[in-house]
Amino acid sequence: MELRHPFITNPRLTIFYGIFWLIASAVMMLILIFSNGLDYWAAFVEVFTSILVFAFIGASIWYVIRFSTLENNSILRIILAHLIAASIIVFIWMYLNVILVKLLNPQALEWMQKGMINKIFGGYLMYVIYVIFFYAVNYYFSFKEKVRNEGKLIALVKEAELHALKSQINPHFLFNSLNSISSLTMTDPAKAQEMVINLSQLMRYSLKHGQHEKVLFKQELENNKLYLQIEKVRFGSKLSPVFDIDEKCLQLNIPNMILQPLYENAIKYGVYEATEPVEIKTVCRCNEDFLQITIKNSYDPNVISKRGEGIGLRNIRDRLEIIYGNPHLMTLEDNRKEFTVTLTIPQKMN
Amino acid sequence: MTEKLRTIIVEDEELARNLMKSFLAGNDKIEIIAECENGFEGVKMINELKPDLVFLDIQMPKITGFEMIELLDHKPQIIFATAYDQFAIKAFEHNAVDYLLKPYSKERLLEAVSKVSDRVQKEGVESDVAEKIMNFPREGFIDRVVVKDRHKIHIIPVDNIRYIESMDDYVMIYTNEGRHIKQKTMKYFEDSLDPHSFARIHRSYIVKIDQINEIQQYEKESYIVILHDKTKLKVSKTGYKLLKEVLNF
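Those protein sequences? They're chains V and G, same order as listed. If you're matching positions, the first sequence starts at 1 in our numbering and goes up one per residue. If you're matching positions, the second sequence starts at 1001 in our numbering and goes up one per residue.
Chain V extracted, bound-state conformation:
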C-alpha cells in the first residue's frame, strides 16, 4: 500500500483541499465581520490563525490514520492513538495561535483567552472531521487499487488459461502423442486406449477449470501426473518422475494450471535433450501458512546454452504476485547441472 501522503501523490486532491479551506476562511471572515462586528484585520488574523493553521497542520493527521488502520488494530488502540495525536495537534495549534495573535494583533489576546475552552473543544472537533475525511480518502484509494489489481489478475488468468490450453493442446505435444497412439494401436491396443483416455481427461481439466482461480492441490497434482503419464509413453525410461508429497498438503489450495508450465519446461530442457534417464523430482511440504512445491530436473549444460526466465515462468511469477501481493513466491536455482523451481503458496489470505 501507498506510504506517501495522498496530497503528494494526488495534486488534484491537494488543490480541492486548498480551495475548500479558502472558501471556508472567506465565509468565516464575513461572519466575523458582519455578525460579530470585528474589524477586517482582526477578522483576518482570527481566521488565518485558527482555520488556515489548522488546515496546514491537520494534513499530518493522515499519517495517524495510515498507521492505525481499521483492519489491523483493536478499537482501543485506535482510540488511544487518536486521543494522543489529537491532543498533540490541538496543543501545537493553540500554541501557534497564541504566538501569531501576539505578533499580528496583540489587542485580541484578551478576547482570545476568554474563548480558549471553546476553541480547544473546536480543535478536537476539527480533528474528528479530519479523521473521517482521511479514512474516506484512504478507503477510496485502496478501493481503487483493488479494482486495478483485479483487472490485472483477470487478464493474467485469461492469459494463463490460454497458455495452458495452448500447451495442453501444444501442437508438438498433441501430434507426437497422436503418433504414439497410432503406433500403439498396432502393438498394444490397451495402452493406446489408456493414452486416448488420459489425453481426453487432461484436456477436459483445462476446459473445466478455466474460470476458477484456485483448486485443491490434489486436483492440480493429479492433472499434472496425467500429463507426465502421457509424456512417459513417448519418452519411456528417459522420463522418470519422482514424487515426495506430504499427504496433508493435498487438501490445501493452489491457483489452477500453475504447475504444468513447470513440468513442460523440465521435459523440454531436461528430458527432451537427454539420452539418459532424467529424474523430475517434485517435493511438497506444508504447514498451516504455506504450501511449498519444489520441482527439480537435471539437464545437460553442454546442449542448453542459456536458461533465463522464459515467458512460462514469468507468467507464473506474475500470477502469484497479483494473487498474493508478493513478488518473491517463485524462486529459481540453476547450478548448471540441475534446474530447481520452488513455489511458495500462502494459505492465509489477508
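FYI, nobody ran anything at the bench for these hints, they're computed from the structure. What you are looking at is a predicted structure, and each value in this text was computed from that prediction instead of being measured. Quick reminder that beta carbons are idealized off the backbone N, C-alpha and C, glycines included. If a hint is listed, it holds; no wrong ones were tucked in.
For lysine to aspartate or glutamate, the following DMTMM-like pairs were computed, each having C-alpha atoms within a straight-line distance of at most 25 Å:
hint: 1; chain 1: V; residue 1: Lys268; chain 2: G; residue 2: Glu1139
hint: 2; chain 1: G; residue 1: Lys1148; chain 2: V; residue 2: Glu276
hint: 3; chain 1: V; residue 1: Lys348; chain 2: V; residue 2: Glu321
hint: 4; chain 1: G; residue 1: Lys1148; chain 2: V; residue 2: Glu273
Coverage of chain V stretches by chain G, computed from C-beta distances (three or more under 8 Å per stretch; other residues unrestricted):
hint: 5; stretch: 177-183
hint: 6; stretch: 228-238
hint: 7; stretch: 263-276
Starting from the known structure of chain V, fit chain G onto it as the hints suggest.
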C-alpha cells in the same frame, strides 16, 4: 527388381520407430540397416554405413535433424519427419523435399518411398537434399553452431565464437578453445548471427564485437581491429562504417 534401398531410421522416440518399421515391414524396396536414437549416432552411422535413404526426425535430443545434415560426409536421399515445425515445413516445401507429418498413414509413407526409389533409379543415390536444406535461411538468430572434427561432434554456443574467417567453400570458426572448420557460407553466418553481437568487418571476417580491443588505422583508407588476444584482422571500408555504427564512435 533392382536392389533394395539401404535405409537408416534416425528417430528418438521408440514408438515412432516401431510404427515406421511396421509400416515398412515386408516392403520390397527397403532394407533397414540401422536405427539411431539421436543425432550424434545418426551422423556416425550415416557416414560409416553410407545408406541410400535416411528417415530423419527433425526434433531430436542433442542436435536437431537440421544440424545433423550439416555434419554428413555422405549425402544420401532423405525423407524428413516432423510433428509440428512451421519452419521445417516451409523449408521442405520450398525445396520440394519429401517429408512426413506425424501422425502419417502407411499409404503416405509408401508414397514417399516410391518417389525416392524412382528418383534413385533415374539419378542415382547421391542427393542434394542435405545441401538445399542446409542453406535455407533460418528464422531468427542461431544460438549455437554444431561442428565435427575427425570423430567428435562439438556444440559451440555462439557466445564462445571469437571470429569467423572465410576459406573458399568453408569457414573457420575460432573459439577460445581452438578452431573448427565448417561447410557453410559467410553469408549464412552474416544472416544468422545477431548483428548486435557480431559484425562482418571484411569479405573474409565476421568478428564478435565484444572481442575487439582496439581499432587502428593501417594505411590511408584502411583499418585493422586488434582483438583482446592480439589477433589482427583486416577491416574493409564498409566494415569500418558498420563498426562505427554499432560501436557509436
